[in-house]
Structures are given as structure tokens and as C-alpha cells.
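Make the full structure from the sequences, and use the hints.
Protein chains in written order, with my numbering: chain A, 1 to 264; chain B, 265 to 917.
A couple of the hints might just be wrong.
Computed cross-link-like contacts, BS3-like style, restricted to lysine-lysine with a CA-CA straight-line distance of at most 27 Å [as the list claims (entries may be wrong)]:
no., chain 1, residue 1, chain 2, residue 2
1, B, K303, A, K157
2, B, K645, A, K157
3, A, K252, B, K303
Worth flagging that the hints you see were computed from the coordinates, not collected in a lab.
Letter by letter, the chains look like this.
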Amino acid sequence: MMRVYALSSKLSGKEEGEISNRDNRMNANFMLSGPTSTYWLGADHLGRDVLSRTLLGGREALLVTAIATPIAVMWGGFIGILLGLVGGRIDEVLMRIVDAFLSLPWILKMLVLIVTFGTGMLVLIPTLAFFYGIPVIRIARAATHDVVARDFISAAKARGHGRMTIIRRELVPNVLDTLMVEGAMRWSWMLLAFSSLSFLGFGVSPPTPDWGLMIADARGFMSFAPWGVLGPVIALSSLIIGINLTADALAKALGIDRAQKAPV
Amino acid sequence: MPVLRNIDLVVRRGESVGLVGESGSGKSTLALAAMGYLKRGLQLMDGSVTFRGDDMFAQTRQQLERIRGGHLALIPQNSGQSLTPTSRIGMQLVEALKLHRKLPETAHLPKVIELLGQVRLPDPETIVSRYPHELSGGQQQRVAIAMALAGEPEALLLDEPTTGLDVTTQAHILELLRDIAAERDMAMVYVSHDLGAIARVCDRVVVMYAGEVVLQGSTRQVLTAPMHPYARGLLASIPKLSDPRLPVALDGRPPPPGGAGLGCAFVDRCAIAQERCGCERPALSPLPSGDVVRCHFPEQASQISIMGSGADPVRRAPGGDVALSLRDLSISYSRPSLLDQILRRPEAGVATVDDISVQITKGETLGLVGESGSGKSTILKSIAGLLPPVGGSVTVAGGQPLPFAVENRGPDHLRRIQLIFQNPDDSLNPRHTIAQILEQPLRLYFGLTGAALHARSAEILDRVRLGAHYLDRLPSQLSGGEKQRVAIARAFAAEPDLVLCDEVTSALDVSVQAAVLDLLNELKQSQGTTYIFVSHDLAVVRALSDRVAVLYQGRLCEIGLAKDVYALPSHPYTEVLLGAVLEPDPDTAPTLTADDVVELSPPETGCPFQRRCPRSLGPVCASDIPPWQTSPEGHAIRCHIPLSELAPAQSLS
Numbered sequence: 001m002m003r004v005y006a007l008s009s010k011l012s013g014k015e016e017g018e019i020s021n022r023d024n025r026m027n028a029n030f031m032l033s034g035p036t037s038t039y040w041l042g043a044d045h046l047g048r049d050v051l052s053r054t055l056l057g058g059r060e061a062l063l064v065t066a067i068a069t070p071i072a073v074m075w076g077g078f079i080g081i082l083l084g085l086v087g088g089r090i091d092e093v094l095m096r097i098v099d100a101f102l103s104l105p106w107i108l109k110m111l112v113l114i115v116t117f118g119t120g121m122l123v124l125i126p127t128l129a130f131f132y133g134i135p136v137i138r139i140a141r142a143a144t145h146d147v148v149a150r151d152f153i154s155a156a157k158a159r160g161h162g163r164m165t166i167i168r169r170e171l172v173p174n175v176l177d178t179l180m181v182e183g184a185m186r187w188s189w190m191l192l193a194f195s196s197l198s199f200l201g202f203g204v205s206p207p208t209p210d211w212g213l214m215i216a217d218a219r220g221f222m223s224f225a226p227w228g229v230l231g232p233v234i235a236l237s238s239l240i241i242g243i244n245l246t247a248d249a250l251a252k253a254l255g256i257d258r259a260q261k262a263p264v
Numbered sequence: 265m266p267v268l269r270n271i272d273l274v275v276r277r278g279e280s281v282g283l284v285g286e287s288g289s290g291k292s293t294l295a296l297a298a299m300g301y302l303k304r305g306l307q308l309m310d311g312s313v314t315f316r317g318d319d320m321f322a323q324t325r326q327q328l329e330r331i332r333g334g335h336l337a338l339i340p341q342n343s344g345q346s347l348t349p350t351s352r353i354g355m356q357l358v359e360a361l362k363l364h365r366k367l368p369e370t371a372h373l374p375k376v377i378e379l380l381g382q383v384r385l386p387d388p389e390t391i392v393s394r395y396p397h398e399l400s401g402g403q404q405q406r407v408a409i410a411m412a413l414a415g416e417p418e419a420l421l422l423d424e425p426t427t428g429l430d431v432t433t434q435a436h437i438l439e440l441l442r443d444i445a446a447e448r449d450m451a452m453v454y455v456s457h458d459l460g461a462i463a464r465v466c467d468r469v470v471v472m473y474a475g476e477v478v479l480q481g482s483t484r485q486v487l488t489a490p491m492h493p494y495a496r497g498l499l500a501s502i503p504k505l506s507d508p509r510l511p512v513a514l515d516g517r518p519p520p521p522g523g524a525g526l527g528c529a530f531v532d533r534c535a536i537a538q539e540r541c542g543c544e545r546p547a548l549s550p551l552p553s554g555d556v557v558r559c560h561f562p563e564q565a566s567q568i569s570i571m572g573s574g575a576d577p578v579r580r581a582p583g584g585d586v587a588l589s590l591r592d593l594s595i596s597y598s599r600p601s602l603l604d605q606i607l608r609r610p611e612a613g614v615a616t617v618d619d620i621s622v623q624i625t626k627g628e629t630l631g632l633v634g635e636s637g638s639g640k641s642t643i644l645k646s647i648a649g650l651l652p653p654v655g656g657s658v659t660v661a662g663g664q665p666l667p668f669a670v671e672n673r674g675p676d677h678l679r680r681i682q683l684i685f686q687n688p689d690d691s692l693n694p695r696h697t698i699a700q701i702l703e704q705p706l707r708l709y710f711g712l713t714g715a716a717l718h719a720r721s722a723e724i725l726d727r728v729r730l731g732a733h734y735l736d737r738l739p740s741q742l743s744g745g746e747k748q749r750v751a752i753a754r755a756f757a758a759e760p761d762l763v764l765c766d767e768v769t770s771a772l773d774v775s776v777q778a779a780v781l782d783l784l785n786e787l788k789q790s791q792g793t794t795y796i797f798v799s800h801d802l803a804v805v806r807a808l809s810d811r812v813a814v815l816y817q818g819r820l821c822e823i824g825l826a827k828d829v830y831a832l833p834s835h836p837y838t839e840v841l842l843g844a845v846l847e848p849d850p851d852t853a854p855t856l857t858a859d860d861v862v863e864l865s866p867p868e869t870g871c872p873f874q875r876r877c878p879r880s881l882g883p884v885c886a887s888d889i890p891p892w893q894t895s896p897e898g899h900a901i902r903c904h905i906p907l908s909e910l911a912p913a914q915s916l917s
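Here is the structure:
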């Protein structure tokens, strides 16, 4: 529910048209004003409407992550299935590299790339897609192992189907379920990462409204004007919780035991 | 929707009551409800559970915790899995003691050792410091029983405690439970689908159907002359060692919870149903024998046969063309470890399966029996090409030996050998519809497409007695028996010469098992198929097989016509196996001649059965592989004891 609300309010052109002229309009008289009939959620330190900015503040984040998530799931899933099938030494070595990668703090890894290549969508999308694809490798590999051990794979082998047919017809549809759920999870993590980057000043540049950025801006006034932080925080957390709940429901509907998956 | 309805059951001290029924009959739910526990989503609608005068559903959490495990203990199925893998057996038992008994610290260890001794675990002093994974399944079950006994319970609830254990282990555990119950004057509620086990432990049997009690009476009465059509059908569907005929299938399936109409819940499957049964629910009424039965016409019910159908399976006389020949087949699972590879150590150990030479003639059914770990399934996998053997040869229909790996076999050979797996949940892809599942072999082997493909799928489905409307369903929408039919249909779609059946009925209810056996027999008749039928259940193998081979630790012990193998003289291992089989008959008792130890690997020299053999001759069994002794009828036994001595010795015991 929450996700539907967040998405529709953020992406529907109608609302955008109505409020876009207000999101960056400053009014010095209302600097840091509390909720009023004009500024429902109050105004920030430059006198901008918090509600309008909150409603628009997810656009960049959703766009970037909505593109990066499928890319991450696709490449991570592909490599993971491949490694699960190949096994042996290549699998061992690559998985240790994956482990090493995962042991580094994500923000550090990401900052290195962003500092090197600069910020902006064209850098952020591949960066997020790359880093968030790595844990997908693990999940896809584990799921592949699970499925390969099942008898319908042996049955297909014994019938004499070709390797590619078995992978395409028997294996992939069963791994795909897990990957879909994983994708939803990754999406919520990615949103958080994107907002964190914005918060640190590496994501969206001002004055574009963005939750991470808004939180960063309003942080200094939190003690006497908490509404500046409240709007984006509620929007961001409800969206992430919403995605997580959807992922859980999806997992339940598809009969996937999330507990047994690696906690990465 | 009521899952259980109108259940009245009283269990007194020292009494043992069996709860039987098909899966979904509510027997486990009832046993758990007796502990005051309801699974998620269930709620108590009416009635009460009273234990020692207290209403179990009115107790507080703390009170329940004290009762459960203390006065009232549960032994679940696979209780070995409920032991903590990271803590020693002794520690786990001490914890149970601390929880339910006030004993001084120093008394714990001696008490634990005493308990382990009571469940007849060998060498309790060392078991104390073992971890669960170091014990066999039967030993783990014994530890679970010891743990249940730690609180000195007055009542034991057993939920399928021996399902999944080998026959010999099961027989030993049941004897143990009988003795313990008698010694301690405990009440026992024994939930099982296995009437043989019930016959051994219980005084009284309650037969459940669709959440209702349909028959309750003494074990003898219920197992020999039940007055309810369902109980009679259930008895007839059990394959029995004493009756080599095929069991009678009990068609249909029980109504879903709340699905029973106004009348009797069993009406759709009942052979003697009349108009009255469809519109009036029978009440539980007492019979002259003292039993209570829920049936309008108990007198007519007694006319239904409780024995096999009389439909004798097609038995093939020996001789004829060879369909499959295995020669000196040897299979090894052991893979050299990394360390061994680095140090270039030679491959150690003995092959898992060794020295298997069998010839199967066309249209014959060869039964392959043995306990878990005897290599039965391994041999099937090797024949199917899934597990390349390390030596020997597999030859089909007198041609050239087949390549070991499935990738190297030609399409015709692949088509001619088909494999059916134990668990249809695992062997049918959950993402494919039944149509997609059946189309795979048809496309692959016959290149069928379009309308011809669809027509052929429907035809094949019809042959396994499922309608064409099943084609669009997913496996998850089918019952266990229907799924296994689809798996059988898929194998027969290839029009194979040889079908390998790997425990195909062991995941199914008895009534469904009988139907599947019937189907396999019918297909054998109409298609002339050769089967290798693997099972741990000797009675099932007997019902279907022409010849039977007994395996121990991957080596053949005995092979011959079914009637010869199941009669004396037999290999000492076969004798042990046959002795441990539990029949649904209160007058038979198992003879337990060998220990129920599980051996992890075969001995390096001599007879594979030497360590457990009750008739061991000593050094010769340990050093020399026993010779095949073949009778004129082709019944071969591999033993050092001459047949002329084996027969009289066995008829004495």
C-alpha cells in the first residue's frame, strides 16, 4: 500500500504539474516555519515547501534504482547461475573474490568509484548496478545448487535432454523466483544507498529536491524545526518498508524460504 | 471449518492406543491437541482436553511448560533432527533433566547413563560424549526416547516415531517402546499410518477418517475383523508378506476439511454405500463386540474382503530374451579429497557397490531390496547413466555394452531406459504444467508437435487413469498419488523397454500405494515392460516382483524367484529382514536376531554381512567372500554355510 502511494504521488504527471512550481520557490517570510495551511508540512531553511519537495524528492532515487536494480539482478543472476553450474575451481576462486568484495564497507567502495568518475546518473546507475549485483551472485549460485540437486533435473538428464535445454527449461524458471524476490530486496537497499549518497553530497546536486539531500540540509535545524527532516524520512522509510513487505509477500506466494538464504 | 469433529477418547494409565488414518485424516492434529497445542490457524471450537484432571486449554503458559515434556512427553517423527547438532548427547539430556526433575548436580550424569541404558543404547558411557551426527537414525530415535523419559512422564505421545527408519531398526524401537510402557505403566498414544507397527504396540486402535473417529476397538478386533468399510479397505490395501497377491486399492480421496456433505464422509469411496449414507450422517454406535463404529450398515461391511484382490500379478517364468544384463558392476561415491590429491595418495576405501551381476529377461520384474545405504538406488542411477560406475558393464537386449555416461548414449538407448523417482514433488518441475511435463519425452524421442503432441499427451494421461483435464494443471494442484501417476506417465510416454522404479510408492499413503502398484502391474501387462523395482518394503516388493535380489552394503546376498527368496532357506541377512517385518496382525511377532547397528562402509574382505550376522562362522566369514550356492530352481544364496545346513537351522529358530 505504502509503496503504491509513494510511487503514484511521485511519478504521476498531474501532481507534478500542480506542485512543480512550488518545490523550489523560496519565501523568506516562511523560513523554517512549522506546518501551516499553506505549508502543510512546514517550510525549510530557505522557505521552500517541505511537502512539495518530499513528494518530488523520490524521483531521482526511484529512477536511478529502478534502472539499476534489473541490471544488477540480471548480471548477478547470470554469473551466479553460471558459477553454480560450472562449480570446481573457477567457482571456488570467484566466490572467494565475491566474499572479499562483500566484506568491504559498501559506502567506501562506492565512494572510490564516484570520486574517480564523478557523480551523475551515468555514473550512479552502473555503480549501483555493479555493487548490488555482487550479492545477487551468491543468491543465484545457492539457488542453482538447490535446484540442480532435485530429481527433475536428474530426470531430464536421464531422458537425454541437452545441457542448454535443461538449463533453460528446468533450471532457470525455478531460480527466477528467488531472483525476483532478491531483486525486490536489492531495490530497497539500493534506495537507501542512493539516499545515503545524496545525503553525503555525492548523489543529486542541489537545488533538485531529493530525500537524502533534504535530510542533509534540514539536519542542522532538527532541534527546533524537525518537520524539515520528518517529511523525507517518513517518505523514504515507508517506501523501503513497503518494498520489503512486498518482497516478503512475493516470497511467500512463490514458496521461497527466505530464512535459508545467505544474509548479505 | 472443523478439522476434527466429535472426538471422544479416553486413554488410561498403562494403556496404549493407536491412531490410524490416511494423511490428512487429522491424527497428528489430534495428538498435538492432546498436548494443548494447536497449529497456527487452528482454534478450539468446542470440547476439552483433560490430562490428570486439568483442562489443557485452560492452563497458563507456565503450567503447560511444566506438563509438556514432564508429565506428558511427545516423540515426533524424525526426532533425531530435533536434537541440537552442536551439543553433546549427555548435555542435552542433562538439560531435559534440569528442566523437569529436581536432582542434585552430581546425580545428573549417572541418571543420564541410566536413561541411555534403559533405551538399550550400547555403551551409554561413551554415547554421553557423542554428538548427534555420530549416531545412526535409530540411535538418535533412542536418544529422543530417553529424553522424553527424562521427565518420568505418565503419558507418551508418539507421532510416527519409526517412519523413515529401516525395518530392523523399526522393529527394535517398537519392542523397546512396548517394554518401557509396560515397565513404567505409562499411557501411550501412538499415531501412525502403519498398521503393522500399531499391531505390535497398541491395545486399542482408533481409526480416523476426515477428522472423525470411524471405528474404535481392540487391536485384535480392528485388525482382524473391522466392522467399518474404510478400515476394511485400508487393511486390504496393505501389501502383506503372507499374501503374495496385489493389494486392493482404495480409490478416491478423503473430502477436504469441511468438504463432507450431509451424509457419511466416506460415502464416495464406500463399496456398500446406500441412499441413506448420502443424506444422513451415521452416529458412533456400539457393537456387540464392544467396538464403536460410525456406519449405518456395519453388518454388510464385514462382507468386504480385507485380503488382497486375488488379482495375481503377472508372474513370468524364468527364461526368454535378456532385457538387461549387469556384469561385475562396481560403483564408488568416494572422491579423493583435496589433501589426498595434493599428496597423491592412492584412492582408499572399498567401492560402495561392487560385484553386481544380474540378468533380467524381457517382461520380468526384478525386485531389489535392502536397508537404506545398501546401494539399491545407486545401482538404478548407474543403469540410467546418471552415476558412472567405476567398473563392469551394462548391456541392453544383448547388444554392445552401454556407455556409462548418459551424454554418450544414443537417443534410442535413452528412450528404452526410463527412471521413476521416489518423490514426485521432487521429480516433477513445479513450474511446468502436466502437459509440459508429458510433452518433453514425446518431443525428444518422437518429434511430435502440435495437435498430435496434445492428443498423445491426453492418451498417455488416460492410460494412468487421469483425465485430459489434468493437462493444464501444475503439479502443486495434484495429490501425491496423482503426481506419481504423472511421473509414471512421463516414463511410459517414452515407450520404454525397461523402467527403473526407485521407491516409487514410499512417499505415498497405503491406499494410494496399492493403486500405484496396480497401475504398474497393468502397464506391465499391456506394454510388456521390464521393471527393476527398488524398495525397502519387503511386502511391496513381494506383491509385484517375479524375482527378488537382496542387497547388503552394495553387494548381492541372495537372488531368486520371489517365492523362493521369501521362503527358507535364505541368506542370514534376508532372514533378519524378513523377521523384522511387521504384519498388520496381532498374532505375529517379529523375530529380532541381529542388532540394528548401521554400518557406514562395507568390510574390506569377506562377507559384507559378517559384522551383524547372527549365524557367523567366524574367521572364514571375515576373510573370504562367500561362494554363490545355487539351487536347481536358480535360487542363489551367497553364504559360507551350506544350504543343507542353513535350512534346518532356520526352520528351528
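Hints, one by one, checked against the model:
Proposed proximity of B:K303 and A:K157 is contradicted: the alpha carbons are some 40 Å apart, above 27 Å. Between the alpha carbons of B:K645 and A:K157 the distance comes to roughly 11 Å, so the proposed pair stays at or under 27 Å and holds. A distance of roughly 18 Å separates the Cα atoms of A:K252 and B:K303; the hinted pair therefore holds under the 27 Å criterion.
Going through the hint list in order, the structure does not satisfy hint 1, though it satisfies all others.
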